[in-house]
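A.B. asks: Starting from the known structure of chain A, fit chain B onto it as the hints suggest.
Same order as they appear, the protein sequences are chains A and B.
All letters in the first sequence, in the order written, are residues 1 to 284 by my numbering.
All letters in the second sequence, in the order written, are residues 285 to 568 by my numbering.
Please note: incorrect hints may appear among the correct ones.
Simulated coverage check for chain A against chain B, where a stretch passes if three residues somewhere in it have a Cβ under 8 Å from a Cβ of chain B [said to hold, decoys possible]: (1) 114–127; (2) 154–162; (3) 170–178.
Subject to a maximum C-alpha distance of 30 Å in a straight line, what follows is the list of computed DSS-like cross-link-like pairs (lysine-lysine) [what the hints assert, rightly or not]: (4) Lys193(A) to Lys479(B); (5) Lys225(A) to Lys486(B); (6) Lys193(A) to Lys477(B); (7) Lys297(B) to Lys436(B); (8) Lys195(A) to Lys436(B); (9) Lys13(A) to Lys248(A); (10) Lys102(A) to Lys55(A); (11) Lys195(A) to Lys486(B); (12) Lys202(A) to Lys509(B); (13) Lys202(A) to Lys486(B); (14) Lys479(B) to Lys202(A); (15) Lys288(B) to Lys308(B); (16) Lys479(B) to Lys225(A); (17) Lys218(A) to Lys477(B); (18) Lys193(A) to Lys486(B); (19) Lys193(A) to Lys288(B); (20) Lys479(B) to Lys502(B); (21) Lys477(B) to Lys195(A); (22) Lys225(A) to Lys477(B); (23) Lys477(B) to Lys4(A); (24) Lys195(A) to Lys288(B); (25) Lys374(B) to Lys4(A).
Simulated from the structure, these hints should not be mistaken for lab results.
Predicted model, so just to flag it, every value in this text is computed and none were measured.
Think of the CB as a built atom: it goes at the ideal place given N, C-alpha and C, for glycine as much as any other residue.
There are 2 protein chains.
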Amino acid sequence: MAAKVVKGLEVAKPKREELAGKVKALVAKGVTPKLAVILAGSSEASKVYAQSKQKVAEPLGIQFELHIKPDNVSTDELTALIDQLNADPKVHGILVELPLPKGISKEQVMNRLDPKKDVDGVHPFNRGYLLGGQEDLALVPATPKSCLELIKSTGVTIEGANVAVLGRGDTVGRPLTSLLINRGATVTVCHSKTKNIDAIIKNSDIVVAAIGKAGYVKPEWLTAKQVIIDVGINALPDGGITGDVDPKAVDIVAFVTPVPGGVGSLTTTIIMDNLLDAIRLQGL
Amino acid sequence: MAAKVVKGLEVAKPKREELAGKVKALVAKGVTPKLAVILAGSSEASKVYAQSKQKVAEPLGIQFELHIKPDNVSTDELTALIDQLNADPKVHGILVELPLPKGISKEQVMNRLDPKKDVDGVHPFNRGYLLGGQEDLALVPATPKSCLELIKSTGVTIEGANVAVLGRGDTVGRPLTSLLINRGATVTVCHSKTKNIDAIIKNSDIVVAAIGKAGYVKPEWLTAKQVIIDVGINALPDGGITGDVDPKAVDIVAFVTPVPGGVGSLTTTIIMDNLLDAIRLQGL
Numbered sequence: 001m002a003a004k005v006v007k008g009l010e011v012a013k014p015k016r017e018e019l020a021g022k023v024k025a026l027v028a029k030g031v032t033p034k035l036a037v038i039l040a041g042s043s044e045a046s047k048v049y050a051q052s053k054q055k056v057a058e059p060l061g062i063q064f065e066l067h068i069k070p071d072n073v074s075t076d077e078l079t080a081l082i083d084q085l086n087a088d089p090k091v092h093g094i095l096v097e098l099p100l101p102k103g104i105s106k107e108q109v110m111n112r113l114d115p116k117k118d119v120d121g122v123h124p125f126n127r128g129y130l131l132g133g134q135e136d137l138a139l140v141p142a143t144p145k146s147c148l149e150l151i152k153s154t155g156v157t158i159e160g161a162n163v164a165v166l167g168r169g170d171t172v173g174r175p176l177t178s179l180l181i182n183r184g185a186t187v188t189v190c191h192s193k194t195k196n197i198d199a200i201i202k203n204s205d206i207v208v209a210a211i212g213k214a215g216y217v218k219p220e221w222l223t224a225k226q227v228i229i230d231v232g233i234n235a236l237p238d239g240g241i242t243g244d245v246d247p248k249a250v251d252i253v254a255f256v257t258p259v260p261g262g263v264g265s266l267t268t269t270i271i272m273d274n275l276l277d278a279i280r281l282q283g284l
Numbered sequence: 285m286a287a288k289v290v291k292g293l294e295v296a297k298p299k300r301e302e303l304a305g306k307v308k309a310l311v312a313k314g315v316t317p318k319l320a321v322i323l324a325g326s327s328e329a330s331k332v333y334a335q336s337k338q339k340v341a342e343p344l345g346i347q348f349e350l351h352i353k354p355d356n357v358s359t360d361e362l363t364a365l366i367d368q369l370n371a372d373p374k375v376h377g378i379l380v381e382l383p384l385p386k387g388i389s390k391e392q393v394m395n396r397l398d399p400k401k402d403v404d405g406v407h408p409f410n411r412g413y414l415l416g417g418q419e420d421l422a423l424v425p426a427t428p429k430s431c432l433e434l435i436k437s438t439g440v441t442i443e444g445a446n447v448a449v450l451g452r453g454d455t456v457g458r459p460l461t462s463l464l465i466n467r468g469a470t471v472t473v474c475h476s477k478t479k480n481i482d483a484i485i486k487n488s489d490i491v492v493a494a495i496g497k498a499g500y501v502k503p504e505w506l507t508a509k510q511v512i513i514d515v516g517i518n519a520l521p522d523g524g525i526t527g528d529v530d531p532k533a534v535d536i537v538a539f540v541t542p543v544p545g546g547v548g549s550l551t552t553t554i555i556m557d558n559l560l561d562a563i564r565l566q567g568l
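For reference, chain A alone in the conformation it holds in the complex:
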């Protein structure tokens, strides 16, 4: 039986309606949510990501401000810009597109963000709160939060579920592990050194693949009742993209997210959700 394909936009749409309502209420209170995005350097992918944020923000009533800096921008210029945005009471959220140009200290840039305006949860303060289990104080990175929303949308119970998280990176694997542990899942974090990954996956109710290898998760590791969240974005020779999970998964499991059109189609909406969380943390 074919799996239900869990599309990012299907989860994003009701979320956007909810957000538009919240924005309206904030505007009525005199607070017009505003997101500032910093785009440093000439990465085409980053440019597309920044534009997609603008496209999602504006119909929701969220103001969008793009700051473009050249490839030869210095760390000092970027931190000065961040200081200015931190101090601007009309800016509620700041997002720095990655990767930064060569020679820029990512750490210095990210640590300069006001943690309460850090809408992609990259500041050590936000990571510390999230990973320490104090989610109410944290702004949560958008990709793991999107994974969680996609899992929730299937209706499958997270509490008590065995979840395999493939990948131990600081943008997906680690923060998602924390979110899942907080919701009562039994999480096994797998990575390149893991033995018997097939057995671990077979024994899991939910599998999140964020390992960055095309088709890494094999059909024979999968079973009928599973939820598969595919975070992988791997380039294909023809210019397309594919996920970390073999496409045949759709014939085996209960729920699977497509690539493209899965996790990636929800993250921008989640950034806007985080912007409203940021406004709450700012006491507005």
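C.D. replies: Showing chain B alone in chain A's frame:
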């Protein structure tokens, strides 16, 4: 065959010799390491912990300064004391004994610490760095660091090992998971909602129990080659303490830490190790 009992003091002793040598070198450079401990309220256990730090520190050549505050101390008084210690260039490490008296905001107190003097790794900055995988920038909480040292002392390989971490708390389970993931272990975080915990433990090469229930880990869940680290400290009716692992484990597994005399006997030494890490992070 009986397991090797891994005593905390056996690991602490060579560590202390190493630390004494490092302290001597620092003193020769004009830096005499100094630890300040804040003991707020009348908890007897906290008093004992503070005293044991003094007993370990002084023979190593580390200066020790105890600040005692009454049960009715205010959050403001504590943060003012921390400000003073943060600003004192002769103080390299600050540790606040827990629990704090009722009515005190633990978060406000801990967040006030200079992250670079936070020798038990409780500040969100240190948690963020550790849990995000940037250990070189972090001061690591002493208990999980002790667990790691005890595992290392057995000679069992961590990379590729299946490790069950029982407990998802912010003082042991979560930070230890991060330390183990960084070293290539495949970690399964188990807790009260976990199904088939027996099967997960049976399938693990290393088990760390930090769940706070006397004798929770049953002998029939254990196998011959395992390393068992018992972090539990549970009161017995006769006034003694016992761990989270059934004492019969010693007849089954390869290595087991005793309670008392295991993890707890190493943590104070690890605090001193962290003090030297703090001095390094302070650029001294």
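A.B. asks: Against each hint, give a clear statement of whether it holds in the structure.
C.D. replies: Hint check:
{"no.": "1", "hint": "114–127", "result": "holds (count 5)"}
{"no.": "2", "hint": "154–162", "result": "holds (count 3)"}
{"no.": "3", "hint": "170–178", "result": "holds (count 4)"}
{"no.": "4", "hint": "Lys193(A) to Lys479(B)", "result": "holds (25 Å)"}
{"no.": "5", "hint": "Lys225(A) to Lys486(B)", "result": "holds (25 Å)"}
{"no.": "6", "hint": "Lys193(A) to Lys477(B)", "result": "holds (27 Å)"}
{"no.": "7", "hint": "Lys297(B) to Lys436(B)", "result": "holds (15 Å)"}
{"no.": "8", "hint": "Lys195(A) to Lys436(B)", "result": "holds (20 Å)"}
{"no.": "9", "hint": "Lys13(A) to Lys248(A)", "result": "holds (27 Å)"}
{"no.": "10", "hint": "Lys102(A) to Lys55(A)", "result": "holds (28 Å)"}
{"no.": "11", "hint": "Lys195(A) to Lys486(B)", "result": "holds (15 Å)"}
{"no.": "12", "hint": "Lys202(A) to Lys509(B)", "result": "holds (25 Å)"}
{"no.": "13", "hint": "Lys202(A) to Lys486(B)", "result": "holds (17 Å)"}
{"no.": "14", "hint": "Lys479(B) to Lys202(A)", "result": "holds (15 Å)"}
{"no.": "15", "hint": "Lys288(B) to Lys308(B)", "result": "violated (34 Å)"}
{"no.": "16", "hint": "Lys479(B) to Lys225(A)", "result": "holds (17 Å)"}
{"no.": "17", "hint": "Lys218(A) to Lys477(B)", "result": "holds (29 Å)"}
{"no.": "18", "hint": "Lys193(A) to Lys486(B)", "result": "holds (20 Å)"}
{"no.": "19", "hint": "Lys193(A) to Lys288(B)", "result": "holds (27 Å)"}
{"no.": "20", "hint": "Lys479(B) to Lys502(B)", "result": "holds (15 Å)"}
{"no.": "21", "hint": "Lys477(B) to Lys195(A)", "result": "holds (25 Å)"}
{"no.": "22", "hint": "Lys225(A) to Lys477(B)", "result": "holds (20 Å)"}
{"no.": "23", "hint": "Lys477(B) to Lys4(A)", "result": "holds (27 Å)"}
{"no.": "24", "hint": "Lys195(A) to Lys288(B)", "result": "holds (26 Å)"}
{"no.": "25", "hint": "Lys374(B) to Lys4(A)", "result": "violated (63 Å)"}
The structure fails hints 15 and 25 (numbered hints given earlier, in ascending order).
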